[in-house]
Structure formats: C-alpha cells, structure tokens
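If you're matching them up, the sequences are chains A and B in order.
Numbers given in the numbering used here equal positions in the first sequence, counted from 1, plus 452.
Numbers given in the numbering used here equal positions in the second sequence, counted from 1, plus 7.
Do not rely on the hints blindly, as some may be mistaken.
To be verified - The calculated BS3-like cross-link candidates involving lysine-lysine, where the alpha carbons are at most 27 Å apart (straight line), are:
hint, chain 1, residue 1, chain 2, residue 2
1, B, 295, B, 117
2, A, 476, B, 31
3, A, 543, A, 476
4, A, 543, B, 86
5, A, 514, B, 422
6, A, 543, B, 31
Stated by the list, open to error - Covered stretches of chain A, as calculated for chain B (at least 3 residues, CB under 8 Å):
hint, segment
7, 458-469
8, 473-483
9, 492-504
10, 531-539
Rather than coming from a laboratory, the hints here were simulated on the basis of the structure.
Using N, Cα and C, we set each Cβ at its ideal position, and we do this for glycine too.
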Amino acid sequence: MQEFLSHLTVFVLACFVGWQVIWKVTPALHTPLMSVSNAISGIILVGAMIAGGEALLDLPGKMGLVAVAFAAINVVGGFWVTQRMLRMFRKR
Amino acid sequence: MTSLPAITTVAYLVASILFILALKGLSSPATARRGNMLGVLGMLIAVGITLAQPQVQAYARIAIFAAMGGVVGGVVAKKVPMTAMPETVGLFNSFVGLAAALVSLGAFHKGEHTGTIGSIEIFLGVMIGMVTWTGSVVAFAKLNGRVPGRPITWPGRHALNALIGIATLGLGVWFVATQDAMPLYLTVIVTGLFGIVWIVAIGGADMPVVISILNSYSGWASVATGFIIGNDLLIITGSLVGASGLILSIIMGRGMNRSISSVLMGGFGEGDLAAGDASNVQAQAAAKGVNIGDVEVAAELMRGAREVIIIPGYGLAVAQAQHPVRELTERLEAEGVRVRFAIHPVAGRMPGHMNVLLAEANIPYDQVLEMDAINSDFPETDVTLVLGANDIINTDALDEPSSPIYGMPILEAYKSRTVMVVKRSLNPGFSGIDNPLFYRENTMMVFGDARAIVDAMVKELKSAAVA
Numbered sequence: 453m454q455e456f457l458s459h460l461t462v463f464v465l466a467c468f469v470g471w472q473v474i475w476k477v478t479p480a481l482h483t484p485l486m487s488v489s490n491a492i493s494g495i496i497l498v499g500a501m502i503a504g505g506e507a508l509l510d511l512p513g514k515m516g517l518v519a520v521a522f523a524a525i526n527v528v529g530g531f532w533v534t535q536r537m538l539r540m541f542r543k544r
Numbered sequence: 008m009t010s011l012p013a014i015t016t017v018a019y020l021v022a023s024i025l026f027i028l029a030l031k032g033l034s035s036p037a038t039a040r041r042g043n044m045l046g047v048l049g050m051l052i053a054v055g056i057t058l059a060q061p062q063v064q065a066y067a068r069i070a071i072f073a074a075m076g077g078v079v080g081g082v083v084a085k086k087v088p089m090t091a092m093p094e095t096v097g098l099f100n101s102f103v104g105l106a107a108a109l110v111s112l113g114a115f116h117k118g119e120h121t122g123t124i125g126s127i128e129i130f131l132g133v134m135i136g137m138v139t140w141t142g143s144v145v146a147f148a149k150l151n152g153r154v155p156g157r158p159i160t161w162p163g164r165h166a167l168n169a170l171i172g173i174a175t176l177g178l179g180v181w182f183v184a185t186q187d188a189m190p191l192y193l194t195v196i197v198t199g200l201f202g203i204v205w206i207v208a209i210g211g212a213d214m215p216v217v218i219s220i221l222n223s224y225s226g227w228a229s230v231a232t233g234f235i236i237g238n239d240l241l242i243i244t245g246s247l248v249g250a251s252g253l254i255l256s257i258i259m260g261r262g263m264n265r266s267i268s269s270v271l272m273g274g275f276g277e278g279d280l281a282a283g284d285a286s287n288v289q290a291q292a293a294a295k296g297v298n299i300g301d302v303e304v305a306a307e308l309m310r311g312a313r314e315v316i317i318i319p320g321y322g323l324a325v326a327q328a329q330h331p332v333r334e335l336t337e338r339l340e341a342e343g344v345r346v347r348f349a350i351h352p353v354a355g356r357m358p359g360h361m362n363v364l365l366a367e368a369n370i371p372y373d374q375v376l377e378m379d380a381i382n383s384d385f386p387e388t389d390v391t392l393v394l395g396a397n398d399i400i401n402t403d404a405l406d407e408p409s410s411p412i413y414g415m416p417i418l419e420a421y422k423s424r425t426v427m428v429v430k431r432s433l434n435p436g437f438s439g440i441d442n443p444l445f446y447r448e449n450t451m452m453v454f455g456d457a458r459a460i461v462d463a464m465v466k467e468l469k470s471a472a473v474a
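Same shape as in the complex, but just chain A:
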C-alpha cells in the first residue's frame, strides 16, 4: 500500500506538470507534439527490457522481448520523424 501511494503521488504531480507544459505548446507544432509523445511513450522500452533481459527466458521474458521490438520502433521512429518535421519549420 505504501509503495502504491508513493507512485500515486508521483502520478498526480506528473499529470499537473504535463497539463501546464502542454497548454503552452504552439498549435503550429501540434503534429510534432504527437510524434514526440509517440517517441517518449516508447519509454515502455525500459519495462520491456527489464522483463526481457533476465537470464532465464521464460514466457514473461519472451513477451518482454517482443515489447522491446515494438517500443524501439516508437523510440527511434518517433524522435527521428519529429526531428525531420521540425527541420522544415523556418522563419522568413
């Protein structure tokens, strides 16, 4: 219970931070916002690596490895395509 409550605290505070930061994003960059959030949702890679990286390859390990592959698509693809888009935005 104690552990849950400490995670809950972090969760609630993070929601507030997200709420404040995202409203400041300029509407012109809403598409890059979505692609970069795809990239950082790839953080699930961390959970997948922990599951898939154990020495013994059991069923959870196999599921973790598949998740590693999909999360890696997001991380690499998300950051890359965002950078590609942002390079196009230029001033007169």
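Using the hints provided, position chain B relative to the given structure of chain A.
Showing chain B alone in chain A's frame:
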C-alpha cells in the same frame, strides 16, 4: 525494483526532466529542435541505466530485438511522406498499446505482482493497452484508406458497447478475486474487440479527436505498466503523454464545437467524398446559381490584389498540392501581393496537420496564422483562396441554429471581397451539409483537383508576368 540504487533513481529523475524540457521546447519552432534532442538524451540515459540493472543480463537478446524495432522505426521515419503523418502517429500509438499489454501480461505470468491493488493494476494495464492497440490499428487503417473513412455502424451498436462495458467490469472483478489467467485472457479478447468496434464507428473527419484520444491512451497505458513494475519514470512519462493527448482532444473538440464524448459515440459524418465527373459538376452548379470561375479569371483577380489569404483543408493534403501552393505564393509575392495562410484548428486529419504540410513546402511559419490571429483581417482581404476545405468556412455555423455544425468556430472567409473556392464538386463536406458560402455573391467556385488548379494558376501568372 523496490530497492533501486540511488544512482538509478537520480538517472530516472534526470530523464523525466529532460522529457519535460523536450515538450516545453515545442512552445516555439525556434526551441523545438533542441527540445527534441533533449528528449533523445533523456531516452539514452533511461535506457543506459536500465541496462546497468543487475537483473538485466541478456544483452544480446535485447540488442537483437531493439535493433529490429529500431531499423523499422528508422525506415518509417525517413520514408514517410508528410501527408501520411496522421496514420503514422496512429501506428506508433498502437505499438505503445501492444507493448503495454505484453508487459502487463508478462508481469502477471511472473507472479510477483499480486494482491488486490496489484491485480487491479495488471487488469488496467491489459485493458488500456489492448484498447489502445486495436483502436489505433483501426484508426491507422481508416486514415490510409484500407478501411472506409465513413462511420461503420449497425443496429444495436450502443447496446453491444454497453454489453462489452459490463462484461469488462465483470471480468475485472473475476480476475481480481481469483487472479486466474482465464478472466485476464478473456479481457484481452473483449477489450481488443472493443477497440475495433469503437473506432470503426467514427467518421474520418473526426479523426483529429480520435488520434488525440488514442495518443492519450497510449500515455495512460505506460502509466499502468509503471504502476505494475513499480517504475516512476514510466509513470511520469506516461502522464505527460496522457495529458498531451487529452489537451489536444479538448482543443480539437472546441474547434468542432462538439463534446469529446459525442465524437467518441461515433456515427457522425459522411466520411470520404467521391468526386463527380467534371461536366456534370459544372452543369449542376450552374443550375443552382453558383458563380463559376475559371483559372484565368482567378489568377487575374489574385494578381491585382494587395492582400490574399489562403485557407488549406484536407483536400490540399489529398491532392498533395502543398508544393504548387508555395510556387503560387512566390509568384504572387513577386507581383507585390501579400500572401498569408489561415489555419483552422481541425483542418486536416490531425492536430497541426496543415502547418506541417506548409512547412514541408518551405512556406515560412510566420506566414501561417492561427484562426484567432487572422479572423479579424478578412474584411481587409481582397481574395481568399480556399483549397480543399469546406466545413471550416461554412457560414451555417454562425447563423443557422438548426445546422449540425452550428456554433463551430469558422474562418470568416465570407467577409473578404472575393472568396475563391477550389473544390472537386459542390458535394458537402464530411458533416454532409451544404455550404451557403458557395452561393454567395462574392464567391467564385473553381471546380477541379486542388493540385491541377493551383498548377494552372501558376502557369497563368507566369505567362502574365512575361507579357
């Protein structure tokens, strides 16, 4: 994971801050690229410290699977055309959902995460992950045309959804009580099915809301797995993404004057339009008393103008007309015309869709204005050129209380001296309603494909400049 060494906790904190800074960078195009690089740095730190954890040992295995995913992601990122960004984002959302469902199921089989709170967390991780996954796959298929964009509905749809809701709740109770594999895998099936029936019922033009909501869900899916494996980095990052998608859906909902829940109920709109054949279109329009203009007249009018505003819509993306539009802009500027672009919040198929297309065509972002910034300038505008947009300029939204789009904020193109609407036919937009703007005195319809028409306008201006 309960007793992480201090260094890991600090590294996760640093990564979290870098992700927040990455999002903060997007408040202006000038700081956005640096922000993105900070995000990359945050990810490298997070991955690096995770690899240093004692229980992570099978480096070769991880490297192989991460490399497979990385290569796929890299190829997609490098190759995807900007017009296809909406479905790409949809696809990326789906992968997060799938990964979250897999990690949650894995944690269940590991059997270390038990108790009432633990099993609720696993159940939520599986549920949100599955809905995000299958819902996003359907959104992807709709956006790239593999599944029809129109809402696919059937009688008893709402009853079926309610039934799925009750079944899911029941499965949740069953799973928490027994912590058995059976109810959990039934949840996989039922919630996966729900993602499909939910999204197929929503029309193509409501996709900006759908894609934002699914983006949000992908964040909440990460949060759920963060709770399951006791990892604050996942919780923080997931919350940021969840908040981002939620805010975007609120903005999109306001742009359409529709509640998010009404969009999510589905069944609205006509979806993609079929083009009529050209001669028929002209004859029908003439019969309805529409002013029909040709390219020559249109080009001449713009050439003589001082102020021109271009309103792009989804039709611009479909016709891939962004590059010819840049040429048109340059031609007009060479003649001393000031050209600006007006962007409606829900133009296109995702938030910010038009801005990216125009940026791709090398149109400077300070020439591209949001609705609130430019709406007061229409009365002083000589020519407004509408390219493949319809509902976002429909005057019924202002003065026809019986209209389904009444109350939606619009770009007030009708106030400019002349409005030129380039469209394939008089067919109504996604909402399936006629547009009185087309029949106004100061409106001129130019029928045809946006790209072909703009190309022809450029040609016309070129020859006029020579002569």
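Checked hints:
At most 27 Å may separate the alpha-carbon atoms for a hinted pair to count; residue 295/B and residue 117/B exceed this at roughly 69 Å. Our distance criterion of 27 Å between C-alpha atoms is met by residue 476/A and residue 31/B, whose separation comes to about 7 Å. Distance restraint check for residue 543/A and residue 476/A: the Cα-Cα separation of roughly 20 Å lies within the 27 Å cut-off, and the hinted pair is therefore satisfied. For a cut-off of 27 Å, the pair hint linking residue 543/A to residue 86/B stands: about 25 Å separates their Cα positions.
Distance hint between residue 514/A and residue 422/B is unfulfilled; the C-alpha atoms sit about 62 Å from each other, more than 27 Å. Between residue 543/A and residue 31/B the alpha-carbon distance is near 20 Å, which keeps this suggested pair within the 27 Å criterion. Counting residues of the segment 458-469 of chain A whose beta carbon lies closer than 8 Å to any beta carbon of chain B gives 6, which reaches the threshold of three, so the coverage claim holds. Evaluation of the coverage hint for the segment 473-483 of chain A: fulfilled, as 11 residues show C-beta separations to chain B shorter than 8 Å, against a requirement of three.
Judged by the Cβ-Cβ criterion of 8 Å, the segment 492-504 of chain A is covered by chain B as claimed, because 13 of its residues qualify and three suffice. Only residues whose C-beta sits within less than 8 Å of a C-beta in chain B count toward coverage, and the segment 531-539 of chain A has 9 of them, enough to reach three; the restraint holds.
The structure fails to meet hints 1 and 5 from the earlier list, while all remaining hints are met.
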